[in-house]
Amino acid sequence: EVQLVESGGGLVQPGGSLKLSCAASGFTFSGSPIHWVRQASGKGLEWVGRIKTKASSYATAYAASVKGRFTISRDDSKNTAYLQMNSLKTEDTAVYYCTRLQRDYCSGGNCFFDYWGQGTLVTVSS
Amino acid sequence: DIQMTQSPSSLSASVGDRVTITCQASQDISNYLNWYQQKPGKAPKPLIFDASNLETGVPSRFSGSGSGTDFTFTIRSLQPEDIATYYCQQYDDLPLTFGGGTKVEIK
Chain U
1 EVQLVESGGG
11 LVQPGGSLKL
21 SCAASGFTFS
31 GSPIHWVRQA
41 SGKGLEWVGR
51 IKTKASSYAT
61 AYAASVKGRF
71 TISRDDSKNT
81 AYLQMNSLKT
91 EDTAVYYCTR
101 LQRDYCSGGN
111 CFFDYWGQGT
121 LVTVSS
Chain P
1 DIQMTQSPSS
11 LSASVGDRVT
21 ITCQASQDIS
31 NYLNWYQQKP
41 GKAPKPLIFD
51 ASNLETGVPS
61 RFSGSGSGTD
71 FTFTIRSLQP
81 EDIATYYCQQ
91 YDDLPLTFGG
101 GTKVEIK
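In order, the protein sequences belong to chains U and P. Okay, so the first sequence: first residue is 1 according to the numbering used here, each after it adds one. Okay, so the second sequence: first residue is 1 according to the numbering used here, each after it adds one.
Everything labelled a hint here was simulated from the structure, so no lab data went into it. It is possible that part of the hints are untrue.
Calculated cross-link-like contacts (lysine-lysine; reagent style BS3-like; alpha-carbon spacing at most 25 Å) [what the hints assert, rightly or not]:
no., chain 1, residue 1, chain 2, residue 2
1, U, LYS54, U, LYS89
2, P, LYS42, U, LYS43
3, U, LYS78, U, LYS43
4, U, LYS19, U, LYS54
5, U, LYS43, P, LYS39
6, P, LYS45, P, LYS107
7, U, LYS54, U, LYS67
8, U, LYS43, P, LYS107
9, U, LYS43, P, LYS45
10, P, LYS42, U, LYS19
11, U, LYS89, P, LYS45
The shape of chain P in the complex, shown without the other chains:
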């Protein structure tokens, strides 16, 4: 199985801060990496697909980069509505696997 190691597991930042989350795959997954946002009590919402492509309707302050085994997710300027848990997910091989999640809070 491909293990997805996400860090940090939680972070606290101020409104307007730049926030960065990393995700490392246990083997090369090319760019088959997606990012999701999950708010409490809600289903996950796709933000980024194929490592760096913004899903339709997602604000441009969200971005992603990377390929192979190392990936980065960035919120350029943190907004109050961005409080959520973020997950990376690989689809290079079954079983599909998710990172452990990063809980983002406002300082």
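So that you can see chain U by itself, here it is in the shape it has in the complex:
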């Protein structure tokens, strides 16, 4: 059974830091780029960033809204991806999902987020 399980969410003050984890099982984690998507309460989905596989030198990319503050990493030996969030703002309050895309490069099509975690809530408030 495929599973992505996020953890590490919670309440943090503005300016603080938090590190989310995404533990994977049931598929070849090392061959899968991992993305983070967030959703503020009652709002739509927002792509946060991604990390590619070792074959693509673990290349990362981020949304403009988090660039310079958030860092995505992965440990293939633990089948786990991470989202380090620094300098948090109230507008970062959201449910954070990790999700998988099928391959690093999608120019041939057939590329969509097929597996999702259940999400973890991050609340930034004083």
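Given chain U's structure and the hints, the job is docking chain P onto it.
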């Protein structure tokens, strides 16, 4: 960034009705367009990939069409279990972007 404009933002229809949602990209994205269903408190679920391909296990009453900048998602005969919010998403370029969502309710 590629903007995805989805409409309507919400709709109310009767069981058995045909439901149509549109998604317009701010530039040509070929067919690099996916559709997801999200029920309250749950993660999104993929329904359609590459504009018109049905994901495995998804009922055939769901369909998608379009290419370039204009896309359509259709539920042929609305069922009670289809109550959800639907999102389009482009993967032609980073940042990956989603439409604003369409909340589908039963009349």
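Against the structure, the hints come out as follows:
At most 25 Å may separate the alpha-carbon atoms for a hinted pair to count; LYS54/U and LYS89/U exceed this at roughly 31 Å. Restraint check: the Cα-Cα separation between LYS42/P and LYS43/U comes to about 14 Å, which is no more than 25 Å; the hinted pair holds. Proposed proximity of LYS78/U and LYS43/U is contradicted: the alpha carbons are some 32 Å apart, above 25 Å. Of the supplied pair hints, the one linking LYS19/U and LYS54/U holds, its CA atoms being roughly 22 Å apart against a limit of 25 Å.
Restraint check for LYS43/U and LYS39/P: the C-alpha separation of about 13 Å stays at or below 25 Å, so the hint holds. Taking the CA atoms of LYS45/P and LYS107/P, the gap is near 24 Å; set against the 25 Å cutoff, the hint holds. About 22 Å separates the Cα atoms of LYS54/U and LYS67/U, which keeps this hinted pair within 25 Å; it holds. Restraint check: the Cα-Cα separation between LYS43/U and LYS107/P comes to about 23 Å, which is no more than 25 Å; the hinted pair holds.
Note on LYS43/U and LYS45/P: the hinted pairing holds, with a Cα-Cα distance of about 17 Å set against a maximum of 25 Å. Taken as a hint, the LYS42/P and LYS19/U pair is honoured in the structure, with Cα atoms around 22 Å apart against an allowance of 25 Å. A threshold of 25 Å between alpha carbons decides the hint, and for LYS89/U with LYS45/P the separation of about 29 Å lies outside it, so the pair is violated.
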